[in-house]
Amino acid sequence: GENVEQHPSTLSVQEGDSAVIKCTYSDSASNYFPWYKQELGKGPQLIIDIRSNVGEKKDQRIAVTLNKTAKHFSLHITETQPEDSAVYFCAASYTGFQKLVFGTGTRLLVSP
Amino acid sequence: DTEVTQTPKHLVMGMTNKKSLKCEQHMGHRAMYWYKQKAKKPPELMFVYSYEKLSINESVPSRFSPECPNSSLLNLHLHALQPEDSALYLCASSQPGPGGATDTQYFGPGTRLTVL
Chain R
1069 GENVEQHPST LSVQEGDSAV IKCTYSDSAS NYFPWYKQEL GKGPQLIIDI RSNVGEKKDQ
1129 RIAVTLNKTA KHFSLHITET QPEDSAVYFC AASYTGFQKL VFGTGTRLLV SP
Chain D
5 DTEVTQTPKH LVMGMTNKKS LKCEQHMGHR AMYWYKQKAK KPPELMFVYS YEKLSINESV
65 PSRFSPECPN SSLLNLHLHA LQPEDSALYL CASSQPGPGG ATDTQYFGPG TRLTVL
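These protein sequences, in sequence, are chains R and D. The first sequence begins at 1069 in our numbering and counts up one residue at a time. The second sequence begins at 5 in our numbering and counts up one residue at a time.
Keep in mind that the hints were calculated from the coordinates and are not lab data. There may be inaccurate statements among the hints.
[As the list claims (entries may be wrong)] Coverage of chain R stretches by chain D, computed from C-beta distances (three or more under 8 Å per stretch; other residues unrestricted): (1) 1110-1123; (2) 1140-1146.
[Claimed, not checked] Per label pair, the in silico range of CB-to-CB distance: (3) D:Glu88 with R:Glu1107: 24 to 30 Å; (4) R:Glu1147 with D:Ser66: 48 to 54 Å; (5) R:Gln1082 with D:Thr9: 36 to 42 Å; (6) R:Thr1172 with D:Thr11: 47 to 53 Å; (7) D:Ala84 with R:Lys1125: 44 to 50 Å.
The C-beta atom is built at its ideal place from N, Cα and C for all residues, glycine as well.
The shape of chain R in the complex, shown without the other chains (with noise of 0.2 Å):
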């Protein structure tokens, strides 16, 4: 089925702590996987993106890597700052064009 596993629910750290979020799809044939962050009150926002044929991508303090064989992708965030704080949201792509299936949101709080 259509399913993506996102751990932990939440995530406290301090700031200039590392931040490492985990998922887990259950289609072999996804091949996208973005990270959105979604503030209080707004919509979600793309921070990084990666695709089945890389295993990994950086962007700043922001990283993702990607294991096909495990159907794992997690999101590594350094150096994290307060306005890191937000609903973290990891998503794969389903057969079906273009459908994406969220994962559960991780609430990161950075405290100063």
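Given the coordinates of chain R, assemble chain D onto it according to the supplied hints.
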């Protein structure tokens, strides 16, 4: 510019009302989406339009009626809604990838709908 706009920002309606949500993008994207997001939950796909044609309907009740009048606009017509339909309604757009492959979706800020 990766902006998707949605109006209104907030909407309160009774169960007998008819209202519409509007979404607009000027990125030249040819795929547009409606999602529903309940509090503390992830977005759930409702409809997908590709090249102004409905390509996915995720078994949404008929009291929600989508419309894509042109490549930049997407509407969601609401009629006889229930209180449990109260949620944040998100619009997104993307450029269809080759062979229908998934491409980056950009979301609008959403319309916060309350059904009394």
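Report holds or violated for chain D covering the segment 1110-1123 of chain R, Cβ cut-off 8 Å, minimum 3 residues.
-> The restraint on the segment 1110-1123 of chain R holds, since 6 of its residues have a Cβ under 8 Å from chain D and three suffice.
CB of D:Glu88 to CB of R:Glu1107, is that within 24 to 30 Å?
-> holds (25 Å)
Between R:Glu1147 and D:Ser66, is the Cβ distance one that fits in 48 to 54 Å?
-> The hinted range 48 to 54 Å holds for R:Glu1147 and D:Ser66, with Cβ atoms some 50 Å apart.
So does R:Thr1172 sit 47 to 53 Å from D:Thr11, Cβ to Cβ?
-> Distance hint for R:Thr1172, D:Thr11 is violated at roughly 29 Å.
Is 44 to 50 Å a correct range for the gap between the Cβ atoms of D:Ala84 and R:Lys1125?
-> The hinted range 44 to 50 Å holds for D:Ala84 and R:Lys1125, with Cβ atoms some 46 Å apart.
Taking a Cβ-Cβ distance under 8 Å as contact, does the segment 1140-1146 of chain R have three or more residues in contact with chain D?
-> This one is violated; 0 residues, fewer than the three required, reach chain D with a Cβ under 8 Å.
So the hint says 36 to 42 Å: do the beta-carbon atoms of R:Gln1082 and D:Thr9 match that?
-> holds (37 Å)
Comparing the model with each numbered hint stated earlier shows that hints 2 and 6 do not hold.
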